[in-house]
Amino acid sequence: MATTLVGTVWCVFRRDLLIAARKPADVATPLVFFAIVVSLFPLGVGPEPAVLRTLAPGVLWVAALLATLLSLSRLFAADYADGTLEQLALSPQPLSALVLAKVAAHWVTTGLPLLLLSPLLAIQLYLPSEALGTLLLALALGTPVLSLIGSVGAGLTLGLRGDGVLLSLLVLPLYTPILIFGAGAVTASATGLDPEAYFSLLGAFLLVALGFAPWAAAAALRISMD
Amino acid sequence: MNWSEFFAMGNYALYVWGSYGAAALVLIFNMLAACRRMRSVRRELQSLTRLNRAESE
Amino acid sequence: MFFHKYASPKIFYGFAGKLIPWFAGVTSILLAIGLYQGLFVAPPDYQQGESVRIMFIHVPAAWLSMFAYMVLASAGAIGLIWNMRLAEMAATAAAPIGASFTLLALVTGSLWGKPMWGTWWAWDARLTSELLLFFLYIGFMALQAAIDDPKRAARAGALLALVGVVNIPVIHFSVQWWNTLHQPASLSTINKIGAPAIHPSLLIPLLIMALAFTLFFVTLLLVRLRAEILHRERYTGWVTELVKP
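Chains as they are written, first to last, in the working numbering: chain A, 3 to 228; chain B, 4 to 60; chain C, 72 to 316.
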């Protein structure tokens, strides 16, 4: 029975996954966007391997950022529109826990696929194979943070017109540290240096985000729904 | 006081006067914008008063 | 305590009205002194020549951009926690002023950089952080503009500002780190320019201009705050009384 905290959290998590499974387009679109954006760069800067290899970490991360942003609007929108969000807010369980469940489901349907596709796109950009492992780990640590921080922005812009551009404006400056250290890790690996320090920092960001973001997002949702 | 030297700012005239000019612009813009905001709020209030008066008549 | 009454928009409106001429006067005097000191009294720098005078604009502008954001975030927090309307209005009023000073810091940073580094823009740690701060201001103003309900706009803005304030040290640290890693050797001297002990002949104009800018900010904040008070309280009795011709 979904009356315990864990039970309710699991219930919300499963529900969001089920909803995503019934609309595969919602999952596929950011993924295709990711691939397209990465392909745009060789078209823009030329196909020279040396240039692309240097740009690869940054390009992959920026594309991942943008793809995550695209998918953020569907985090709360549908539930807000049909009243489910209000029900969640009224439930005896802390809203922050339920938000965490939704964000976790969001990551499974957005960040995780990005992660899995990234090696393919990295090869397209001539990223050295030694760096692929770092890329995967960095994205694994970073994309949840993107979803977490993004959830705060999504909560603040709930129901506003404007198609998510405002959301991007709010959230992108906050993404810059993840971008800097995520891309930095991959670059370090690609040039033969040890990325351990980067992983520590990314891990720290993840822990802090896990602690604060669901609470801030819940506060944002309450502000938006009052 | 050698004025031509002063205005030349040791060949850095563009940058120094550009900066001080930008500062002047920002200060003036802030003052104008704040006054403009006050004026538009007052205008809004005036039209509200007119509406209220029309309603109560 | 005696100052609790100033939390009332009506009382603060009158109080601010009396303060503004005084602040404006002191600001003007300080600006005049600062400009005189900066342009005439301060000597040209050994390395940078006359272009060091840009520092008397750029550094106070950058300090003010940070100060204004702190005021914005604090006012937002007070409004959020204690449900104080006046604090909410103060946050909204502070934003455009702070954003304009951030822009000034960026422009003067660029103008200072051209003679020093040879390029109109360089991704050095402080300029990049300043640029991101500018985006944080714009985000705050855009969010408030997009929300019709003033209560929701105020509270959402306050939450965003608080998230921003928490992130500013993180962003600053990240950018600093990123910059030292990617910096070509020629630029490494720049980050040292701000660091060495500054001579009193340069410090005094700097501090006077910083104080002048701060008082300018306070003056304009009071002006904008009065406008914001009239706007938010437009349906109350005292405001309708005020506007009657």
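Simulated from the structure, these hints should not be mistaken for laboratory data.
Just so you know, even glycine gets a beta-carbon here, dropped at the ideal spot from N, CA and C.
One thing to keep in mind: the hints can contain errors.
Taking CB as the label site, the calculated pair distances span [claimed, not checked]: (1) C:L274 with B:R46: 43 to 53 Å; (2) A:A27 with C:G85: 52 to 62 Å; (3) B:N55 with C:S99: 47 to 57 Å; (4) B:Q49 with C:F86: 35 to 45 Å; (5) A:P130 with C:L274: 49 to 59 Å; (6) A:G135 with C:L274: 11 to 21 Å; (7) B:R56 with C:F73: 49 to 59 Å; (8) C:L90 with A:W12: 52 to 62 Å; (9) B:R46 with A:W217: 34 to 44 Å; (10) A:L122 with B:N14: 13 to 23 Å; (11) B:G13 with C:T307: 38 to 48 Å; (12) C:A217 with B:Q49: 22 to 32 Å.
Footprint (simulated), chain A over chain C, 3 or more residues, beta carbon under 8 Å [unchecked claim]: (13) 216-223; (14) 234-242; (15) 280-286.
Checked hints:
no.	hint	result
1	C:L274 with B:R46: 43 to 53 Å	46 Å, holds
2	A:A27 with C:G85: 52 to 62 Å	59 Å, holds
3	B:N55 with C:S99: 47 to 57 Å	40 Å, violated
4	B:Q49 with C:F86: 35 to 45 Å	24 Å, violated
5	A:P130 with C:L274: 49 to 59 Å	50 Å, holds
6	A:G135 with C:L274: 11 to 21 Å	51 Å, violated
7	B:R56 with C:F73: 49 to 59 Å	38 Å, violated
8	C:L90 with A:W12: 52 to 62 Å	57 Å, holds
9	B:R46 with A:W217: 34 to 44 Å	42 Å, holds
10	A:L122 with B:N14: 13 to 23 Å	55 Å, violated
11	B:G13 with C:T307: 38 to 48 Å	58 Å, violated
12	C:A217 with B:Q49: 22 to 32 Å	27 Å, holds
13	216-223	holds (count 4)
14	234-242	holds (count 6)
15	280-286	violated (count 0)
In the structure shown, a violation is registered for the earlier hints numbered 3, 4, 6, 7, 10, 11, 15, in ascending order.
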